[in-house]
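Here the protein sequences come in this chain order: C and H.
Residues 0 to 350 in numbering that gives the first Met the number 0 are what the first sequence lists, from first letter to last.
Residues 0 to 207 in numbering that gives the first Met the number 0 are what the second sequence lists, from first letter to last.
Source of the hints: derived by calculation from the structure; they are not laboratory data.
C-beta: ideal position from N, C-alpha, C; glycine also.
Be a bit skeptical, because a hint or two may be false.
[Said to hold, decoys possible] Below, computed lysine-lysine pairings styled on DSS-like, alpha-carbon distance capped at 25 Å:
1. H:LYS55 with C:LYS187
2. C:LYS226 with C:LYS211
3. H:LYS76 with C:LYS320
4. C:LYS286 with H:LYS198
5. H:LYS55 with C:LYS321
6. C:LYS286 with H:LYS30
7. H:LYS58 with C:LYS344
[Claimed, not checked] Cβ pair distances, simulated, as ranges:
8. H:PRO101 with C:ILE349: 49 to 57 Å
9. H:GLY50 with C:LYS150: 46 to 54 Å
10. H:GLU54 with C:LYS253: 55 to 63 Å
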Amino acid sequence: MDMPGIFKRLIGTKPSEWAYVVSRVRVMSRKLIPAEEYNKMLNMELDEVIRFLEESEYKKEIDELGFKYQGLTLIDYALSLNLSRAYSKLIRISKGTPRDLISAYLRRYDIWNIMNIVRGKMFNFPSEEIEATLIYAGEYDEEFCKSLMLKETIEEIAKTFEGTPFYPALEKIVRVCPMSEFEDDLYKIYYNGLAGIKAETLDMKYFIDFIKMEVDIKNIKTILRLKADGASAEEIMTKIIPRGLQISEDEARKLAALEWDELIKSLEGYWFWEGIKDSVEGASLSKIEAMLDRLWAKKVLSKSHSFPLSVLPVMAFILLKKLEIDNLRIIARGKAAGLDVENIKEQLVII
Amino acid sequence: MAEVKPTRMELIKLRRRIKLSKRGHALLKMKRDGLIVEFRDILEQAKEAIGGMVEKYNKAQEKLALAMAVEGVVGIKSIALSCATEPEFSIKKKNIMGVVVPVVKREKVRKMVQERNYGVIGTTARIDEVVSAYEELVDSVLEVAEIETTLKRLLEEIDKTKRRVNALEYRVIPEMENAARYIAFRLEEMDRENIVRLKKIKAKMETK
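Please model the entire structure based on the sequences and the hints provided.
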């Protein structure tokens with residue numbers, strides 16, 4: 000449960016340790032929906048899309064949840080369940096260091112679950128509603144999350160986490176800090192833990208660089224979002240994750256102090272600039288975010304091809320699986336909401 | 000007319016009341032016209048506000064559909080858990096031509112991203128867009144509620160004033176004028192009777 004503990008054991012990982020996991024992941028990656036299928040799906044009616052999903056990898060989850068949900072809600076929950084199962088499988092098929100590393104990365108879903116349980120408890124939402132938001136893809140399983148939901152108060156929930164890296168954030172929320180600060184703190188703890196490992200072997204360096212690049216993407220999104228909303232540099236800095244690859248705290252401080260136009264200009268030279276430079280002018284923030292996501296996924300995929308016996312193919316699969324789930328949901332919900340094909344296509348991240 | 004005492008004093012009183020009623024009638028008529036003008040102005044505002052609200056609702060629905068598609072129902076539900084605070088507002092009063100109408104003093108529901116109850120790192124700009132759209136919609140609903148209540152109060156007042164004007168114009172003043180005419184007629188009649196009586200007494204005295 001203790002992240003630094005896990006990382007101590009990671010030092011000295013050999014590429015051969017990844018061979019089994021990577022070969023299993025390759026098989027799993029082959030089952031991902033290919034890019035050209037999305038174009039076909041875009042031209043289908045909603046019923047056809049649902050039928051397509053019922054005949055695909057998602058059949059099992061759709062059949063399983065069919066008695067409880069229907070229509071788009073069923074698709075939503077089936078996709079979430081499939082995602083958590085795919086990630087759990089990754090943990091199941093790996094052992095030793097790769098398992099610890101994958102588990103540590105997937106702890107973002109633990110954060111997601113903790114956040115939703117605390118939110119639900121804080122605003123007195125019924126357990127069923129809280130449960131509907133949980134994704135069991137991290138270390139904490141359904142049983143543990145249900146036991147958290149049974150706790151009467153936030154203090155009791157916080158106590159359960161004593162001795163874990165998440166405890167300081169939970170202890171803070173007990174002392175009535177804003178919910179937003181608590182959530183951001185959890186993510187900071189998560190990324191700090193992952194990016195703070197000393198890279199003593201090459202494959203560890205790949206992993207840390209991967210995390211740091213993800214931190215860069217998160218930080219630039221935060222800066223752009225808050226800047227567009229008129230936040231001050233100090234306010235932006237409270238939401239910055241330290242230890243980015245190029246956007247460190249100092250860099251972030253410099254960027255946060257700039258006006259919007261200067262900020263966009265000064266992004267030249269960052270590793271992500273090439274991918275967004277042509278369309279960043281006048282684009283909405285959500286579109287810039289989608290561009291960054293697309294660029295990030297492409298980058299990870301190309302890196303995974305360059306370093307096949309490392310953590311990167313697994314990270315690429317984790318990312319691509321999430322993108323597939325998102326894409327399928329966008330198509331299904333977009334069709335149901337009557338959005339036109341072009342609009343739906345704009346939101347898709349197809350690699 | 001049986002209950003009306005045909006006395007000069009009563010006639011004077013009635014004439015005074017008729018004069019007062021006519022003045023009141025003119026004032027109420029002016030108030031009614033003023034209220035109608037005010038009502039029309041607010042009606043225009045209401046049309047604009049309702050139009051804006053419908054537009055904002057459609058925009059918010061569109062954004063929600065897009066956010067549901069991209070973030071999933073799970074993501075949106077999760078954010079909704081943190082946006083459970085209710086808008087705060089107080090009701091004050093404003094006087095329009097003697098009509099007390101409510102003024103909703105509302106705290107702006109629209110918040111900055113960093114002031115919201117959810118974290119920035121774990122969410123996306125699409126969430127911000129849909130939350131902003133709904134915050135604007137709630138602001139707009141409160142504005143429409145304020146204008147609609149004002150309109151309802153004004154309409155009630157116009158109706159009341161209209162009834163008063165009509166009652167004065169078609170019932171109270173004509174009745175009082177009839178009564179005054181009756182008293183005047185009765186007084187003249189009494190005068191004439193008196194003259195006749197005096198003439199008869201004078202004739203009797205002359206024949207004696």
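Hints numbered earlier in the text: which of these fail when held up against the supplied structure?
1, 4, 5, 6, 10
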